[in-house]
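Asks: Reassemble the complex: the two chains are provided individually, in unrelated frames, and hints are given to aid placement.
Okay, here's what each chain looks like letter by letter:
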Amino acid sequence: MTLEENTLDNLVSETEVQIKNTNGLHMRPAMQFVDAANRFECDITVSNDQASVDGKSIMQMTMLAATAGSKLKITARGPDAEQAVNVLRELVEEKNFNEKAPKARKKN
Amino acid sequence: MKLADFVCLDAIIPELKAHSRDDAIVELVTALDKAGKLGKNNCQKIIKAVVKRENQATTGMGKGIALPHVQHLVVKDVVAAVGQSSSGIDFTALDKQLVYSVILLVSPADNPDKHLQAMESIFRHLQSDRFRSFLRQSQTAEQIKDLLMEADANPVLKQ
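Going down the list, the sequences are from chains A and B. Take 1 as the starting number for the first sequence in our numbering and just add one per residue. Take 1 as the starting number for the second sequence in our numbering and just add one per residue.
Next comes chain B alone, as it looks inside the complex (with noise of 0.2 Å):
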């Protein structure tokens, strides 16, 4: 699968406002819905899942990552946002680090295998150290588009 098929490119967010963890989520989430992704009156629904999947276990994967996500019944397909913060956020992280990069992914809940191939693919561009410093350093929605679509088009080796 590869990221433009499901990372949502009008939820996109360059700076995030927020300074914590669900406050990134509340953002995250908005944009999704904004961008029309979550069908009607689902957005607060949405954000109390993901909320409580953190609540669970941090989604915080150390090295400035954290993906959160939920798999729910509003969403036919996969969807995710994007989000960077400069100043970092504590989302509990895995190596006790500040996230600089957020990527919230929805799943359709009947599908459990394209949540997998989605997940497969943000990892496999997130293991290397030079997608993931230039995400960091991505100051505008733009230069983030263009790296998603760049990772697209030139896949890393699998080990």
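So that you can see chain A by itself, here it is in the shape it has in the complex (with noise of 0.2 Å):
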């Protein structure tokens, strides 16, 4: 085992996105971000302010019940750490989950 190798395991990456999409963090968005998240080899955890879930488990990510506005940190652990964060904070806050982006004015 070489130190190289024990320090590539344990790089850390870590951001804050805002789920911006009207329907927020439902199936199908959940889909695509464990999709995505599955493609790295880190360890990907998602918290908002109540839970801490497995970013590759689509049964826990649904649970976030993520609504439209509300903020998830993302902490990916693991050689791919960086790369998986950039990816997933795309998919979340540049493409919306290829959905629509809310109107100026949420309504309620």
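It is worth saying that the hints were derived from the structure and are not from the lab. Be a bit skeptical, because a hint or two may be false.
To be verified - Straight-line Cα separation of at most 30 Å, DSSO-like style, residue types lysine-lysine; simulated pairs: (1) B/K52 to A/K95; (2) B/K2 to B/K114; (3) A/K100 to B/K45; (4) B/K63 to A/K56.
Replies: Here is the structure:
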């Protein structure tokens, strides 16, 4: 076991994202997230202020019930942590899961 | 949100007659309709919408569970039906296994947050191996009702 391997395994990358699509993190966006997350080797944890779940599990991700506007912390740990966080951040914040972004103001 | 807040106790089917995905959807939506949860003449509309959604991406999440659902204007509140199949139904689930428990959800189209909360509630309980296996072992609507009430009374600890 070289020191280098050890260090790579422990690489950590973290970011905070905001859910912007109107319908929030419902099942299809959650599936897109999990699909993307599973392409990486690193462990991925997603948390809100109440729970911390496995970003590679669809059941757990849907449990976050992340509504439009809510914020999530994505933490990746492993050799490709930084790439994973970049890809996931882009999916959530720039692509909006390929869904409609909210109108200027939300109803209710 | 509690399961009792949206699961329609008159739409619990302990043994689905259906052997296919679409027939199971028809059976569960019809149960909700008979229980008076869908308003007048909306049954066919909802069936079509749920099937359409299911065709976009499977809601068979693995571990023998499927959650066909749709957000639709005809309902004002989230309503759900629960069906069990002892022989299993092919939902082309993510883990390629058959589905034994189907929870069908119809949510109001204008309240995405409520839909997410109902989903969270269902998934929170489905995470539990114990809940899933009890659900699968239930043989009467009464047993399923009791299980849902018990789950509400003992919320699974958040991780």
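Asks: Are the hints correct? Go through all of them and say.
Replies: How the hints compare with the structure:
1. Pair hint B/K52 plus A/K95 holds up; C-alpha atoms about 24 Å apart against a cutoff of 30 Å.
2. Using a Cα cut-off of 30 Å, the hinted pair B/K2 and B/K114 holds, with the two alpha carbons roughly 12 Å apart.
3. Distance hint between A/K100 and B/K45 is fulfilled; the C-alpha atoms sit about 24 Å from each other, no more than 30 Å.
4. About 15 Å separates the Cα atoms of B/K63 and A/K56, which keeps this hinted pair within 30 Å; it holds.
Going down the numbered hints, you'll see the structure goes against none, and every one checks out.
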